[in-house]
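Student: Sequence:
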Amino acid sequence: MALELFSEVRPRLFGIAYRMLGSALDAEDLLQEVWLRWQNYDHAEVKNPGAFLATVTTRLAINAGQTARARHETYVGPWLPEPVDTAADPQLGAERDAAVEFAVLILLEKLTPTERAAYVLREAFDYPYPQIAEIIQVSEASARQLVSRARKHLAAERRAPVSRAEQQRLLQAFVAAAKTGDLAKLEELLAEDVVSYADSNGAVRGASRVPLLGRPVVAKVIKAFSNTFWIGVDITWAEVNGQPAAVLRRDGHIYGVLSITASESGIDQLLWMMNPEKLAAFA
1 MALELFSEVR PRLFGIAYRM LGSALDAEDL LQEVWLRWQN YDHAEVKNPG AFLATVTTRL
61 AINAGQTARA RHETYVGPWL PEPVDTAADP QLGAERDAAV EFAVLILLEK LTPTERAAYV
121 LREAFDYPYP QIAEIIQVSE ASARQLVSRA RKHLAAERRA PVSRAEQQRL LQAFVAAAKT
181 GDLAKLEELL AEDVVSYADS NGAVRGASRV PLLGRPVVAK VIKAFSNTFW IGVDITWAEV
241 NGQPAAVLRR DGHIYGVLSI TASESGIDQL LWMMNPEKLA AFA
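Residue numbering for the sequence shown follows the working numbering, starting at 1 and increasing by one per position.
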């Protein structure tokens, strides 16, 4: 019975933990801890198992988020959320797709763990404010304020995204231009203030350990690597974190996942996931 109840709500628990931590591996580890606590709890005292388990998951994720933030400070180079194949993963597809996109997850990193929890519970899972307040142990007024502050922060830093179809077009056009080193086409596709992030945690030679800023710099670096980076690469298109992405394989092994964020200005961000540990989980 305990396992049946846990399995029934597990997709939602995973969705909460992943959005809170930006890591599928960390989310899975956290759910193991939730399961152990659920096994050892007196189930007769629990009137609503789903609410109880969501509360335990959220509170553990708040604590884990504080630890994760400290780890990110010692990370080698840019840190990006771990990619998840949302086309094949019912655990994330089972709920609303809010707060799962890379652009949002990156911005959520700037919030406190409690702010992030309030935003995720409200935007991704539509929890009522009284329940959010109970879960994160604040007043209802404070819960509303936390969500409002998070919304304003994201709205201030994020441009209006283009449609999924346009994002797919821009990504495919970028990959084509990058492979041939077409500088003029690259500059046409990139926004003036584009930023390129490469997450490898120092494990990949040649991956920039600092973000590349601005259209001229990014375009020239992409062109410079056109003769080496794309040799022997097989490209498949996938849905990663609810968005189009290019999965890069060489000799049958995944060595990169490329996604973008884009607005009317063009491609605003290039997100290169090249950390072998995060790619292993994706594969």
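Fair warning: there could be bad hints in the mix.
Unchecked claim - Below 25 Å or equal to it, Euclidean Cα-Cα: the simulated DSS-like pairs (lysine-lysine) are:
#1 Lys185 with Lys220
#2 Lys47 with Lys110
#3 Lys152 with Lys179
#4 Lys179 with Lys110
#5 Lys185 with Lys223
Claimed, not checked - Per label pair, the in silico range of CB-to-CB distance:
#6 Ala141 with Phe225: 21 to 27 Å
#7 Ser142 with Ala51: 18 to 24 Å
#8 Leu36 with Arg249: 32 to 38 Å
#9 Ala165 with Asp42: 27 to 33 Å
#10 Phe225 with Glu45: 57 to 63 Å
#11 Glu4 with Pro276: 20 to 26 Å
#12 Glu45 with Ser208: 19 to 25 Å
#13 Trp230 with Arg209: 20 to 26 Å
Hint data in this document are derived by calculation from the structure and do not stem from the laboratory.
Idealized CB from N, CA, C, for every residue including glycine.
Student: Could you run down the list of hints and mark each one as holding or not?
Tutor: The hints, checked one at a time:
1. Lys185 with Lys220: Given that 25 Å is the threshold and the Cα spacing comes to 11 Å, the pair holds.
2. Lys47 with Lys110: violated, 35 Å
3. Lys152 with Lys179: violated, 38 Å
4. Lys179 with Lys110: Roughly 34 Å separates the two Cα atoms, so the pair is violated.
5. Lys185 with Lys223: Holds - the C-alpha atoms of lysine 223 and lysine 185 are around 10 Å apart, at most 25 Å.
6. Ala141 with Phe225: 21 to 27 Å: violated, 52 Å
7. Ser142 with Ala51: 18 to 24 Å: holds, 19 Å
8. Leu36 with Arg249: 32 to 38 Å: holds, 37 Å
9. Ala165 with Asp42: 27 to 33 Å: About 52 Å separates the Cβ atoms of alanine 165 and aspartate 42, which means 27 to 33 Å is violated.
10. Phe225 with Glu45: 57 to 63 Å: 59 Å Cβ-Cβ, so the 57 to 63 Å window holds.
11. Glu4 with Pro276: 20 to 26 Å: This hint is violated: roughly 37 Å between Cβ atoms.
12. Glu45 with Ser208: 19 to 25 Å: violated, 53 Å
13. Trp230 with Arg209: 20 to 26 Å: holds, 21 Å
Going through the hint list in order, the structure does not satisfy hints 2, 3, 4, 6, 9, 11 and 12.
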